[in-house]
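Okay, here's what each chain looks like letter by letter:
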Amino acid sequence: MAGNAASIRINGTAVEPPDDPRVSLLDLLRERLELHGTKKGCDQGACGACTVLVDGERIVSCLALAVQYTGRDVVTIEGLAGEHGLHPLQQAFIEHDGFQCGYCTPGQICSAVGMAAELERGVPSYATGDLSTRKIAPSHDELRERMSGNLCRCGAHNGIVAAITETYAKEDR
Amino acid sequence: MIPFTYARAGDAADAVRLGGATDAKYLGGGTNLVDLLRETIERPAALVDVTGLSSAIEERENGGLLIGAAARNTAVAEHRFVRTRYPVLSRAILAGGSAQIRNMATVGGNILQRTRCPYFYDADGFRCNKRNPGQGCDARDGFNRTHAILGASSACVAVHPSDMCVALAALDADVHLRGAAGTRTVPLTELHRLPGDHPEIETVLEPGELITTVELPAPPPKTRSLYRKVRDRASYAFALVSVAAVLGVEDGRVTDVRLALGGVAPKPWRARTAENALTGGPATTQAFRAAAEAELADAIPLRDNGFKVELAKRTITAVLGELAGGQA
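Protein chains in written order, with this note's numbering: chain A, 1 to 173; chain B, 1001 to 1328.
Be careful, since some hints might not be right.
A few chain B residues facing chain A, derived, Cβ under 10 Å [said to hold, decoys possible]:
#: 1; residue: ASN1032
#: 2; residue: LEU1037
#: 3; residue: ARG1038
#: 4; residue: GLU1042
#: 5; residue: LEU1047
#: 6; residue: ASP1049
#: 7; residue: GLU1078
#: 8; residue: ARG1080
#: 9; residue: THR1084
#: 10; residue: ILE1101
#: 11; residue: MET1104
#: 12; residue: ARG1233
#: 13; residue: PHE1307
Calculated pairs, DSSO-like style, for lysine-lysine (alpha carbon to alpha carbon, straight line, at most 30 Å) [to be verified]:
#: 14; chain 1: A; residue 1: LYS135; chain 2: A; residue 2: LYS170
#: 15; chain 1: B; residue 1: LYS1222; chain 2: A; residue 2: LYS135
#: 16; chain 1: B; residue 1: LYS1025; chain 2: A; residue 2: LYS40
Hints in this document: simulated from the structure, not taken from any laboratory. A virtual CB, placed ideally from N, CA and C, is assigned to each residue, including glycine.
Please take these sequences and the hints and turn them into a complete structure.
As structure tokens, this is what we get:
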């Protein structure tokens, strides 16, 4: 376990941060580690294709300077599947046609995993009526609002919401 | 990006020492600064990472709240005191950015984020006095649907993009600063400058001065608060007009009102003219509309943004009406 504070843990492996502080976390993943699952869409924080999880929280890796993430635990789409196959949300995306071209998909899935943790923690959204409650039902409106940082040009949003609902909200429906 | 050095500050004193260097800039979550570095609109020689400084959210004995400037936007919005006692602040933060952006962005960085005026961003194609002082402003006679109707100048018509700051303005927040000369406190409403002849100078911060903490006074008793944002799409867009309001009504009269506007001015716009018109008077739709008319009386619309004047009036009237109605 190379948990040293000067390295970045990426999908369980310790990685040295880049010498050049201009390198984004996204470019570190794609250009230096050849983890091409995380996608570069707009490179300015508007599309969400580059979403990854840092210590379980979703961020856009294009606006993250890699040097800021030493000592942190990064999980990309490549790190989501377990020994026994796909992450349940990945499987649900396949079953519900949660994509067409697939370019936004890794970001959508990482984002939804982070979103589920936020819901579990009781984080409100702009769509939440009662801010005092920590038990927020993952309604269609809640999910659409919470996933608004991930664009899909193919228009697979209905399938995406269906896949998320099946994975995280089924028992609440 | 042009090359820069990077250092992580261990504490506020360390940050101010490092931040005192020529052409140094403080780095929070990077959600605005990294973009501006990439566009070479920001060209610092050194970045001082202040995300390791205080992010604590603590209740004060006087009933107020201290928020460390490194607190992430999500952490503030979900905090139990904020969501129950300052709901207007939770709602304003949740109206801004996306969840990913809110997880990264700090409170200090949100306050100091720069305008999203497209002419400011387009360094190759257009003139901008904020980017290149004295160059001229192509927004003033350009596509200015999203630009300012209040507080602008002949040099600059850009708006401040923050939602959070609009709520902080309505809540009478103070901003604690630390610089080489020591510490001081500035009301949030006085932190940002109007552009005048120098739109490149956006705040009253001295070079190297750092935002360390935001302080909220105790929530005004017997009031309710609301944030409403009007934008081009339902989520993840900047405000055309937004309204943060705190309202207290007793026996049909306004006992307390604090009102701030976003999306219409170069800074979070505290609507004191409207407040003065309302305080002590009847809490009626007619009074709310008259106060909104008074606040917008000095509005100067540009070619494309005249709609904001009426939109702001209607949004103010609707928000105050909702708060008053819920109290009756």
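So, going through the hints one by one against the coordinates:
1. ASN1032: holds, 8 Å
2. LEU1037: holds, 7 Å
3. ARG1038: holds, 7 Å
4. GLU1042: violated, 12 Å
5. LEU1047: Given a least distance of 7 Å, the restraint on B/LEU1047 holds.
6. ASP1049: Cβ of B/ASP1049 sits 6 Å from chain A, so the hint holds.
7. GLU1078: Holds: closest Cβ of chain A sits about 4 Å from B/GLU1078, inside 10 Å.
8. ARG1080: Result: holds, 9 Å to nearest chain A Cβ.
9. THR1084: With Cβ-Cβ at 5 Å, under 10 Å, it holds.
10. ILE1101: holds, 6 Å
11. MET1104: holds, 5 Å
12. ARG1233: Holds: closest Cβ of chain A sits about 9 Å from B/ARG1233, inside 10 Å.
13. PHE1307: violated, 23 Å
14. A/LYS135 / A/LYS170: Between A/LYS135 and A/LYS170 the Cα gap is close to 15 Å, so the pair holds against 30 Å.
15. B/LYS1222 / A/LYS135: The hint holds at about 26 Å.
16. B/LYS1025 / A/LYS40: holds, 26 Å
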